[in-house]
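Using the sequences plus the hints, can you model the full thing?
Those protein sequence lines, which keep their order, are chains R and D. Per the numbering used here, the first sequence starts with residue 1, numbered consecutively. Per the numbering used here, the second sequence starts with residue 1, numbered consecutively.
One or more of the hints may lead you astray.
[To be verified] With beta-carbon atoms standing in for the labels, derived distance ranges:
1. R/L47 <-> D/Q159: 45 to 53 Å
2. R/L204 <-> D/S76: 24 to 32 Å
3. D/V73 <-> R/R95: 28 to 36 Å
4. R/A136 <-> D/R128: 44 to 52 Å
5. R/L226 <-> D/P32: 26 to 34 Å
6. D/R131 <-> R/A136: 33 to 41 Å
7. D/P32 <-> R/A207: 17 to 25 Å
8. D/G267 <-> R/L132: 52 to 60 Å
9. R/V102 <-> D/A313: 34 to 42 Å
10. R/L41 <-> D/Q159: 27 to 35 Å
11. R/F216 <-> D/P268: 54 to 62 Å
12. R/R95 <-> D/F82: 26 to 34 Å
13. R/L292 <-> D/P268: 31 to 39 Å
[Said to hold, decoys possible] In silico SDA-like links for lysine to any residue, alpha-carbon gap of 20 Å or less:
14. R/K154 <-> D/S75
15. R/K154 <-> D/R281
16. D/K37 <-> R/A232
17. R/K154 <-> D/L129
18. D/K37 <-> R/L271
19. D/K37 <-> R/E206
20. D/K37 <-> R/Y123
21. R/K202 <-> D/A33
22. D/K37 <-> R/F216
23. D/K229 <-> R/T29
24. D/K175 <-> R/I33
25. R/K299 <-> D/R35
26. D/K175 <-> R/T70
27. D/K37 <-> R/K228
28. R/K228 <-> R/V102
29. R/K154 <-> D/N124
30. R/K299 <-> D/R128
31. R/K202 <-> D/E286
32. R/K154 <-> D/K239
33. D/K37 <-> R/R209
34. D/K37 <-> R/R127
35. D/K37 <-> R/K154
36. R/K154 <-> D/E286
37. R/K299 <-> D/P92
38. D/K37 <-> R/E205
39. R/K154 <-> D/S76
40. D/K239 <-> D/E286
Treat the hints as calculated values from the structure; they're not laboratory data. Using N, Cα and C, we set each Cβ at its ideal position, and we do this for glycine too.
One-letter residues, chain by chain:
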Amino acid sequence: MTIPTARAIVIGGPAREGKPGAWYRRRSTHNSIILNAFLMLGAITMLTPFVWMVLTSLKSPAELAQFPPTFLPEEWVWSNYTEALNAAPFGLYFRNSLIIAVSHTIITILMGAMAGYALARIYFRGREFVFLAFVAMLMIPTYTKIVPQFLMVKFMPLFGGNDIMGQGGTGWLDTWWALIIPGGLSAASIFLFRQFYLSLPKELEEAARVDGLNEFRIFAQIYTPLIKPAIATVGLLTFQESWNNFLWPLLVTRSEDLRVIQVGLAVFQQLDNTQWQYLMAGTTLATVPMVLLFIFAQKYFIQGFTHAGIK
Amino acid sequence: MSIFERTESPPAPPEKPPTVVTTTRKTRGLSPAERSKRRAGWLMVAPAALHIGIWTLIPVIATFYLSFTDYDVFSSPNWIWFDNYVETFQDPVFVKSIWNTIWYTFWTVPVSMAVAVVVAVALNQGLRLQRFYRTAFFLPQVTATVAIAMVWLWIFNPQYGLLNGILEFFGLPGKAWLVDPDTAMWSVIIVGAWQGIGIKMLIYIAALQNIDNSLYEAASLDGASAVRKFFSITLPMLKPATFFVFIISIIGAFQVFDQIYVLTDGGPANATTMMTYEVYRSAFQEFRMGMAAAQSVVLFAFLLVMTLISRRATREED
Chain R
1 MTIPTARAIV IGGPAREGKP GAWYRRRSTH NSIILNAFLM LGAITMLTPF
51 VWMVLTSLKS PAELAQFPPT FLPEEWVWSN YTEALNAAPF GLYFRNSLII
101 AVSHTIITIL MGAMAGYALA RIYFRGREFV FLAFVAMLMI PTYTKIVPQF
151 LMVKFMPLFG GNDIMGQGGT GWLDTWWALI IPGGLSAASI FLFRQFYLSL
201 PKELEEAARV DGLNEFRIFA QIYTPLIKPA IATVGLLTFQ ESWNNFLWPL
251 LVTRSEDLRV IQVGLAVFQQ LDNTQWQYLM AGTTLATVPM VLLFIFAQKY
301 FIQGFTHAGI K
Chain D
1 MSIFERTESP PAPPEKPPTV VTTTRKTRGL SPAERSKRRA GWLMVAPAAL
51 HIGIWTLIPV IATFYLSFTD YDVFSSPNWI WFDNYVETFQ DPVFVKSIWN
101 TIWYTFWTVP VSMAVAVVVA VALNQGLRLQ RFYRTAFFLP QVTATVAIAM
151 VWLWIFNPQY GLLNGILEFF GLPGKAWLVD PDTAMWSVII VGAWQGIGIK
201 MLIYIAALQN IDNSLYEAAS LDGASAVRKF FSITLPMLKP ATFFVFIISI
251 IGAFQVFDQI YVLTDGGPAN ATTMMTYEVY RSAFQEFRMG MAAAQSVVLF
301 AFLLVMTLIS RRATREED
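Quick look at the structure:
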């Protein structure tokens, strides 16, 4: 997420579901056939790699060695999936990715919502400065911080055999700490939460104060229940980004026990004689959770992506 | 901060303007309730501020510092001024990676933007299947780049790949797509453009909802064709969105890494290496942390220029 302001710049208002333009309604069915043909062709192009992935994962090695390739499997080898799990511990990788993505989501929602709320609704000295600092941090690309992040993880004092000066051991390298803590929160999520809290009316907090609620309870019991859709949006974006992350887990882990699924795929592919049917089975496993999440929570994803600009 | 103005309400006025006093006891004179409210504000921001401070602010400062040193993890850093920068700009591979990054961006961004705007307009016509189409075009955006690059690796496979199979069907000769220096970059560009359509389409769809229908109705009365309406109304009205999409796409394209790692490993003969890839190589294969930091500062400078241009332009739009 580089610039979180697509909506701010482009439109300003909340998204509406695709509403047909009135100028179109008078159009002939002839035109809509052309449109449908065009879009169908495009959609097929977009989906072909996904279909090909699933079909490949169900073919036998002999069939994969044919040229030109067959489209549908001659024989549907469902056992490829169980065999893939033996060829490489994709189940373990899947579990690791899941643990990390869930942790990142929880940390982001807790810390991001709290900070976003305070920045939006409580006046305190230095608030504007803190906010601007977050905005500046949000613009920082991954590659401008990754080298020192790696060094900080390696020289983390008193972990992994390191002394108080961070020397002598491996620090957080190859630990859950390295996988979960540094990527646990993004400045973008704080920014999004702040925007959502800003959109709520002030009368609620005034009423709550009269009732004697303290700030934490106003945050937790009055305002946060009102932004459940925003929590879903930020949560899903965080989950997706974490699940799909590759570079960081690649850098900070060596052992198979901590390997995430994206890295697991890359390692499996680099083995001699790539077994494509197993690799595609693993790839399907890595892809299916996001596809399902997207299909069932499309509304929140779309709201999030138009808000957040780009991953 | 002009880009944030539209969605942001003005900051709540402080009950006591904290302007004049600059001693340590600024909260003097505030009611106990107000004081505890402010303390709560700080407490709620603190965890996030601490996290971002440690894992973003410190690393950014450290990157700039390291870029002026010869740090290599094993021995302590020496200050060497601009030697890393001089060396990296004399390194033909890094210079090539800059050109590769620009070339990759030059093709993926306009191509996927053109497809995205046409698809967005077509999807805005209220077709019955629009939800399906939208899902299809957006799916590559939500799935992991590594995973889908793996599928493309198989599609590009010179011996058994789908792409060569399709070419064979039409009687055309196959190619060693990712191995041949002439086609490797194009293969990477195809994957990048294919994956990038979804997000651009989504922003265009959102922007299209804001175009006033009366414009189209007036044009219809004047007998304008659909193509004419697209070029005379839709595209001009989409100008701010187009600019925004353009900038974020460039910023995204400059940071391409995952698909290079999977598809070509920067090869053949550095034909597809990118700036990000050179940072990765310097830091994690050669352990030249100072050099990697300098290269990442160069990348950062490119992105900063893009961001500043976008800020200036959006300010003018307002």
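Verification of the supplied hints:
1. R/L47 <-> D/Q159: 45 to 53 Å: 24 Å, violated
2. R/L204 <-> D/S76: 24 to 32 Å: 56 Å, violated
3. D/V73 <-> R/R95: 28 to 36 Å: Distance hint for D/V73, R/R95 holds at roughly 32 Å.
4. R/A136 <-> D/R128: 44 to 52 Å: Holds: the Cβ-Cβ distance is about 46 Å, inside 44 to 52 Å.
5. R/L226 <-> D/P32: 26 to 34 Å: Once the Cβ atoms are compared, 28 Å apart, the range 26 to 34 Å for D/P32 and R/L226 holds.
6. D/R131 <-> R/A136: 33 to 41 Å: Given a distance of about 38 Å, which is inside 33 to 41 Å, the answer is holds.
7. D/P32 <-> R/A207: 17 to 25 Å: The hinted range 17 to 25 Å holds for D/P32 and R/A207, with Cβ atoms some 20 Å apart.
8. D/G267 <-> R/L132: 52 to 60 Å: 43 Å, violated
9. R/V102 <-> D/A313: 34 to 42 Å: The hinted range 34 to 42 Å holds for R/V102 and D/A313, with Cβ atoms some 40 Å apart.
10. R/L41 <-> D/Q159: 27 to 35 Å: 28 Å Cβ-Cβ, so the 27 to 35 Å window holds.
11. R/F216 <-> D/P268: 54 to 62 Å: 59 Å, holds
12. R/R95 <-> D/F82: 26 to 34 Å: 47 Å, violated
13. R/L292 <-> D/P268: 31 to 39 Å: 37 Å, holds
14. R/K154 <-> D/S75: 14 Å, holds
15. R/K154 <-> D/R281: Measuring from Cα to Cα gives roughly 18 Å; hence the hint holds.
16. D/K37 <-> R/A232: 28 Å, violated
17. R/K154 <-> D/L129: With a Cα-Cα distance of about 51 Å, the restraint between R/K154 and D/L129 is violated, given a limit of 20 Å.
18. D/K37 <-> R/L271: 59 Å, violated
19. D/K37 <-> R/E206: 13 Å, holds
20. D/K37 <-> R/Y123: Holds - the C-alpha atoms of R/Y123 and D/K37 are around 8 Å apart, at most 20 Å.
21. R/K202 <-> D/A33: With Cα atoms ~17 Å apart, R/K202 and D/A33 stay inside 20 Å; holds.
22. D/K37 <-> R/F216: With Cα atoms ~9 Å apart, D/K37 and R/F216 stay inside 20 Å; holds.
23. D/K229 <-> R/T29: 19 Å, holds
24. D/K175 <-> R/I33: Violated. D/K175 to R/I33 sits at ~36 Å, over the 20 Å cutoff.
25. R/K299 <-> D/R35: It is violated: about 41 Å lies between the C-alpha atoms, which goes past 20 Å.
26. D/K175 <-> R/T70: Given pair D/K175, R/T70 holds - Cα atoms ~19 Å apart, limit 20 Å.
27. D/K37 <-> R/K228: Given that 20 Å is the threshold and the Cα spacing comes to 24 Å, the pair is violated.
28. R/K228 <-> R/V102: Given that 20 Å is the threshold and the Cα spacing comes to 17 Å, the pair holds.
29. R/K154 <-> D/N124: The hint is violated at about 51 Å.
30. R/K299 <-> D/R128: 18 Å, holds
31. R/K202 <-> D/E286: Outside the cut-off at roughly 56 Å; violated.
32. R/K154 <-> D/K239: 47 Å, violated
33. D/K37 <-> R/R209: 10 Å, holds
34. D/K37 <-> R/R127: With a Cα-Cα distance of about 13 Å, the restraint between D/K37 and R/R127 holds, given a limit of 20 Å.
35. D/K37 <-> R/K154: Violated. D/K37 to R/K154 sits at ~39 Å, over the 20 Å cutoff.
36. R/K154 <-> D/E286: The hint holds at about 16 Å.
37. R/K299 <-> D/P92: 47 Å, violated
38. D/K37 <-> R/E205: 12 Å, holds
39. R/K154 <-> D/S76: 15 Å, holds
40. D/K239 <-> D/E286: 45 Å, violated
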